[in-house]
Amino acid sequence: MEKILIRDVNFWYGDFHALKNVSLGIEEREVVAFIGPSGCGKSTLLRLLNRMNDLIPATRLTGEILLDGRDIYDRQEDVDRLRKEVGMVFQRPNPFPKSIFDNVAYGLRVNGIRDKEFIAHRVEETLRGAALWDEVKDKLKASAFALSGGQQQRLCIARAMAVAPSVLLMDEPASALDPISTAKIEELIRELRREVTIVIVTHNMQQAARVSDRTAFFYMGEMVEYGLTKLIFTDPLKEATQNYITGRFG
Amino acid sequence: MKKLLEKLVASIFTVSGLLTSIVILLIVGFLFSEGAGLFRNRIIDPGYVLAVNKSNPVRELSPEQIKAIFDSDLVDWAEVGGDSGPIVPFRLEDADRYFSEAQLGPNYEHAGRLIAELIERTPGIVAFVPGQMLPPDAEIAFIEDRTISFSEIFAGKEWFPTATPSPLFGIVPLVTGTLWVSFFAILFAFPFGIGVSVYLSEIASERTRQLLRPVIELLNGIPSVVYGFFGLVVIVPLLQRVFGLPVGESGLAGSIVLAIMALPTIIAVAEDAMHNCPRAMREASLALGATQWQTIYRVVIPYSISGIASGVVLGIGRAVGETMAVLMVTGNAAVIPTSILEPLRTIPATIAAELGEAPAGGAHYESLFLLGIVLFFITLAINLGVEAISSKSRS
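Read top to bottom, the protein sequences are chains A and Z.
The first sequence begins at 1 in the working numbering and counts up by one.
The second sequence begins at 1001 in the working numbering and counts up by one.
Think of the hints as simulated: they come from the structure by calculation, not from any bench.
Check the hints yourself; a few may be wrong.
As the list claims (entries may be wrong) - In silico DSSO-like links for lysine-lysine, alpha-carbon gap of 30 Å or less:
1) K137/A with K1392/Z
2) K3/A with K184/A
3) K141/A with K1392/Z
4) K98/A with K1392/Z
Same shape as in the complex, but just chain Z (with noise of 0.2 Å):
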């Protein structure tokens, strides 16, 4: 009867691990299938095409360069290799300045012949339509339609997923506002969680310690839009004061409210390092003359470095993976950062901003599960960095 009660238990727990295991790789093999589905995505608007005049050589165009062509940002053909002559961009909503409403039909049925004799007598022109509407037999060309490449995601510079007729998806600005805001944030969190660490661990009294050490703990415990609450209360304000900004959401509010999220962390993970370095090591140490600062920077840090680090990197794992506070302070502007004292954008960020107006199975909504994957390899790489430090501690 017990032997039979024993089995049932373990079993149950057997299942219950098996079954967390699988849920946790099927999220991140849906993380994956969901992700890996943008390259597939055509460059140009599913259902839409770009036609051009037959005499017109150009059959290629980039993404940036649709995009630059339809915001009148690149208007002659020399400039994508074609010969020298006027763009002319076209949309669908063009068409009732080309043509009367008589022209066109009460339901717009004489629109795709309209427009293909317009491309067929324009030189310059480069229209966004339905492919269906145009008429097979038309004289006109196409900008060839391809499959988004990897070098234009990843080395991509623009993210604009809801530009027509072709979005961009460079994650380059994302990827560098988030390590920008992250490495400015442990640059800022370094000194004082130090600081704080060698305060409580080395001279402040016990009754201190025990008094303190729950009070830092408490800050992680703080929910993440709180902190970003006061940073957009507090900090931002602030920093447009200080600096003379026109706005004050910028990379530094961002960066100043993640190392006040990562400090707990850093704090609690190196003070428990330098608290661990033991009494003999520092009684050897002041038994040869050495005074309390020369033990500190010269037997406790080094002795308990690997620890320290350990609090640095998982801090930084806290600040690359946070969301709220940063989408609240940042300013959101998806450009590579070239002052911290500008807007800027990071990957959880976006993700949490866009994926409500991303329709579900569209390239728009692929890209941020691909952005999610990006992010899981940063973080991926974060924590292996903090295994392999404490591993090299241990031995």
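Looking at chain A on its own, in the form it has when it is part of the complex (with noise of 0.2 Å):
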């Protein structure tokens, strides 16, 4: 069964018709990479998995989201509960204005963990996790705003991960970051799927055609194309796709 099941999905802001008819199954454990040309609704997607786009007014959907089977936007979600499962890394790195620990420990805390000891303990493995350890361990009770751009995002990644979700969005994760950065944030991709289904909306084909095991290609509200990254790049069946990944558009 798929991790993710999206079926017949339309979804509209106000009176802009955003997603057309857009179906697709994620597996478990697959990082699966959105692509596409600004306003393709390729964000939009990802921002329905886990009901973000609930905080904007005057939006519709139409269709079913499936996770593990289960419709999460039936009457009985619990929204809270389906985004600690689902987690999010966004464009820009948007720590809190607090201590890395307490950046890291905050989704735990949210969630009613008291118990000092375990945070402790949780902090550390996903920083570690995070590839972050090393570079803060002396410096957990500092402002995370003190980090640079790329340390910051991973952060992000670190503390999304700290709930222990199953699945993890990427808006444009490395978009802001400089390549050092990108490269180890791609790095840390490849390393967290082992653990995460991992859905990345990207600009960069490079860095699409470099994580991803499947590709989704979307243009004005539809999915073009969907497959495996590796056929998606080398032999993609629409023209549409062909014309975009080798910049003839977009």
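Put the complex together from the two separate chains, hints included.
Pasting the structure below:
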């Protein structure tokens, strides 16, 4: 069974039809990249997966999104619990104005975990997992704003991983970073795929080619093509995909 | 031609800037020069002396003691460091009681000699009379007349600037009154202000927010005398009934009116700060499974805490300097407040109420300017506080 199954999804911002009849399945512990030009709907689809678009007024959704076979837009769904299961990393590093330690511990604390020892253990574990531990272990009490942009983004990844999600959504996680930091993030993605299913939105096609197993190409709210990354980048079925990945538009 | 015009405009701006700065500095300078004059005043009314019997060892009395003596609150010389014996206060008006009109003469021409003799033969007397009236050869002693001391003003517990023979300029009751009322005003305004800011910024829909914000800002535009009137007509009688007070005019009434007046400032500034909390910050919190409330109190409020603090301190600033509304509802008793339900009096209210009855250049007049200086420093400290808080948030 697929980890995530998107079935006939249509989505509107007011009158604007942002997603048109999108269907795709994502296997467990796969890395799936969404690519496409700006405004194609790839970020919208990503944010539907943890119901982040609930925050935007006057939106409408039809179709189904299933996580482990469960409809996440069901009336019974506990959105806060869903977001714990489906973590998210944003385009710009957005650490809280708190210490490095408190940033990572935040997700645990809001989920009612009080055990100090457990929190400390988990913070170390996830910071190690995000390849950040050696850089910050001596200044856990320092403000997260004191870190560099790349470090901040890895901190945000650690923060998302601390609550042990089964899916990690990444919305252009490296677009605000320099090439070296980007390389570190990509390496991290390859590490994390052993633990979680990753959906990544990216503008950078080389990045999609480097990190993902499958790629979905979106254009004007429609999913044009979805398949193994190798095939999409070497032998796409559709002409639009071919044009986009060869840089003819976008 | 064009260059000349530009130069002209530039010089006009320079001159107007200079003029404004000079005027402001002059006002501050005026405040200080007038206020400092109080320290050159003597404790006994100008032109008068306090005469005592030669045998009386007491030569020094503080203004408080003088006032107590003439109010008959102090009745024995032992209490002021002299030999035990009753104090007999004497004012010029009392001459009629001691002497007949014939003795005094039709134009009081004998009064000086008679009073001098009275002082010579009454050991317990302390007479408050014009110095020129007493004959220079009289065998009498005088209470030392010195200038008002710093501590009598800044540590003085009684404000009684119209008392004779010795006015009291202790500003402690006025300063405590001001701080007391402001403190309670903030105590009331803080929870409501934060509550409304959180509601407007986090919970209300955009439409409600667009509707409510101007309404709250409108509150800032209502003249303070209207708030005072409202307080006098609604809050004062209400407090009187609820707490069973002899008078409803009290520090509490002032605090409530001030809290209402400080609310718009607190709400506007705090709401702005919370609204400026980046969406990315909220989304990061929600994406970790935090509820809306957890996001508000763990992320939004800590993020905007310096803005909230600025709002509160600005609100305090408004409360401390407010005059009219407080004057109308606090009852204006210049005593050190022991309970918020008692009447009290603030610095601005004192200045406004008493300036009209204080003769220009007199000690009373100068004492009001000194109060102005004290208020100036309190608000200066508050403004520096705001500056410090907001610069801390910027870094």
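Against the structure, the hints come out as follows:
no.: 1; hint: K137/A with K1392/Z; result: holds, 27 Å
no.: 2; hint: K3/A with K184/A; result: holds, 26 Å
no.: 3; hint: K141/A with K1392/Z; result: holds, 19 Å
no.: 4; hint: K98/A with K1392/Z; result: holds, 15 Å
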